[in-house]
Every structure is written in structure tokens, then in C-alpha cells.
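Enquirer: Spelled out from the first residue to the last, the chains are:
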Amino acid sequence: NAGVMQNPRHLVRRRGQEARLRCSPMKGHSHVYWYRQLPEEGLKFMVYLQKENIIDESGMPKERFSAEFPKEGPSILRIQQVVRGDSAAYFCASSLRQVGETQYFGPGTRLLVL
Amino acid sequence: AQSVTQLDSHVSVSEGTPVLLRCNYSSSYSPSLFWYVQHPNKGLQLLLKYTSAATLVKGINGFEAEFKKSETSFHLTKPSAHMSDAAEYFCVVSEGYGGSQGNLIFGKGTKLSVKP
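As you go down the protein sequences, you meet chains A and B in turn.
Using this note's numbering, read the first sequence as starting at 43 and increasing by one per residue.
Using this note's numbering, read the second sequence as starting at 27 and increasing by one per residue.
Hints in this document: simulated from the structure, not taken from any laboratory.
Keep in mind that the hints are not guaranteed to be accurate.
Okay, the calculated bits of chain B under chain A, using three or more residues with CB under 8 Å as the criterion [stated by the list, open to error]:
no., stretch
1, 41-50
2, 94-103
As a list, the in silico PhoX-like pairs of lysine-lysine whose alpha-carbon atoms are at most 25 Å apart [what the hints assert, rightly or not]:
no., chain 1, residue 1, chain 2, residue 2
3, B, 137, B, 68
4, A, 69, B, 134
5, A, 69, B, 95
6, B, 68, A, 104
7, A, 86, B, 137
8, B, 95, B, 134
9, A, 93, A, 104
10, B, 94, B, 75
11, B, 94, B, 141
12, A, 93, B, 134
13, A, 113, A, 93
14, B, 75, A, 86
15, B, 141, A, 86
Where a beta carbon is used, it is the ideal one built from N, C-alpha and C, also for glycine.
Based on the sequences and whatever the hints tell you, model everything.
Expert: This is the structure in C-alpha cells:
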């Protein structure tokens, strides 16, 4: 049973470009979470999705950031018009069910904005 | 709201000596508590999890943690450190019950160094 997959592992973008980060949950998991880790900090929750639904986006910046988890295919975290402050590690996690369930993390995507 | 405080940002121990990483939490409910480990430039690996069963939780790689409600603590321990334990450790609480409350609240992390 493959773990949570994220790609790309490293992504370099120039200011103003778009970044697309992909996450494939563990087999059988229908709950996906995105977290951001800024340098020297812990992870901060961004968004929680189930298939085709955003359940909680309270941690998402109001502008430029969006997430989806379509019926088929991976979950996508999209950052439009990136700025240097978006440089961070973005981690995806998945769980079988929701509250209190163990979340299994992917290896992360490290985004660098030049 | 729930929160997690990791009391030490850095801990340094010698190989073969005990490890203690401290964590305090605040919660309005009976929380689920976790410890995750992150090796440099890697993802997070679950060490152990508490969900209101036994208060002493055993995890992987010889780690364990004890849930103490009276002290609102969930400290992580290991009897004998190994060089491969050098990493960053995160204490985590699961927020709330029901509805959309599924996200994890992370402490700021404790970097563990192990000296030969």
C-alpha cells in the first residue's frame, strides 16, 4: 500500500508565476489536508477536503490560493501570482476518516519563489 | 481553541542517555494527541498517538509518551538515545469533534541533537 504521494518534490517559480502542487492520498483515504511549513516553524493547517468538497479552508490565505480534490485524480493546491513569502514546504496528509484519525503525511513539496 | 506548547526548541543528549521532549496542551475536549518526527528535508512520520485509551502510549523506535490530564502534558521519552534519533519532533493535537473540525494543531517543534 503506497503512502501519500506528492509531486513535484521541489518547485522553483519566479514571482508572478503559478504553482501547482499535487497530492495523491493513501489508497482508500478520502480525506485530504494541506499544511504549510515556513522556515523554522511548525506546520500550519491550510485546508481540509473530501472528494469534490472543501470542508474547512479556514487556514487558507484569502487571495491567490485555492485547492480542489476532484472525483478522479489527485488533490491540487494552486497558488497564483506567487510571491517570495510563499516559499515554504507544503505538506499533504490523508486519513481514512476525519476527527481524531491518524493523518499520514506525504514527503512535501518545497516551493522556492525567486 | 486548542493549542500546543513545546517547552524546548532544542534538546541535546549524548548517545545512550535518556531523551525527554516536553509538551503541554490546552483543550476544551478530550483531545487526540500525537507525536510526529521529521528528519531533515523529509516528510513527517507518526511516532505515536493517544486517543483516550491507555495513558501510556508506546510508539515506534522505542519512544513512548504519557498522557497526564492533571498536568495537561504529553511528554515524549526514550530510555536510550541513538544517533539516528536526531531530528525535529512535533507534538500535535487534533482539534475538536464533529463537523469540519479535522485539522491538526502543531507545536513549534523540538530539534533533538544526539552527540556521540
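Enquirer: Mind checking, does the stretch 41-50 of chain B have 3 or more residues with a CB under 8 Å from chain A?
Expert: violated (count 0)
Enquirer: Does the alpha-carbon distance linking residue 137 of chain B and residue 68 of chain B stay inside the 25 Å limit?
Expert: holds, 14 Å
Enquirer: Quick one, are residue 94 of chain B and residue 141 of chain B close enough, alpha carbons at most 25 Å?
Expert: Outside the cut-off at roughly 30 Å; violated.
Enquirer: Within a Cα-Cα threshold of 25 Å, do residue 113 of chain A and residue 93 of chain A meet the stated pairing?
Expert: Distance of about 6 Å is within 25 Å: holds.
Enquirer: Can you confirm whether the C-alpha distance between residue 93 of chain A and residue 104 of chain A stays at or below 25 Å?
Expert: Satisfied, since the Cα-Cα distance of roughly 22 Å is no more than 25 Å.
Enquirer: Given that the stretch 94-103 of chain B was listed as covered by chain A, double-check it with a C-beta distance under 8 Å for 3 or more residues.
Expert: violated (count 0)
Enquirer: Quick one, are residue 94 of chain B and residue 75 of chain B close enough, alpha carbons at most 25 Å?
Expert: holds, 14 Å
Enquirer: Regarding the pair residue 86 of chain A and residue 137 of chain B, is the alpha-carbon distance no greater than 25 Å?
Expert: With Cα atoms ~18 Å apart, residue 86 of chain A and residue 137 of chain B stay inside 25 Å; holds.
Enquirer: Mind checking the alpha carbons of residue 141 of chain B and residue 86 of chain A for me, to see if they're no more than 25 Å apart?
Expert: violated, 30 Å
Enquirer: Between residue 68 of chain B and residue 104 of chain A, does the CA-CA distance stay at or below 25 Å?
Expert: violated, 28 Å
Enquirer: Take a quick look at whether residue 95 of chain B and residue 134 of chain B sit within 25 Å of each other, Cα to Cα.
Expert: holds, 21 Å
Enquirer: Under the criterion that the straight-line Cα-Cα distance not exceed 25 Å, is the pair residue 75 of chain B, residue 86 of chain A satisfied?
Expert: holds, 19 Å
Going through the hint list in order, the structure does not satisfy hints 1, 2, 4, 5, 6, 11, 12 and 15.
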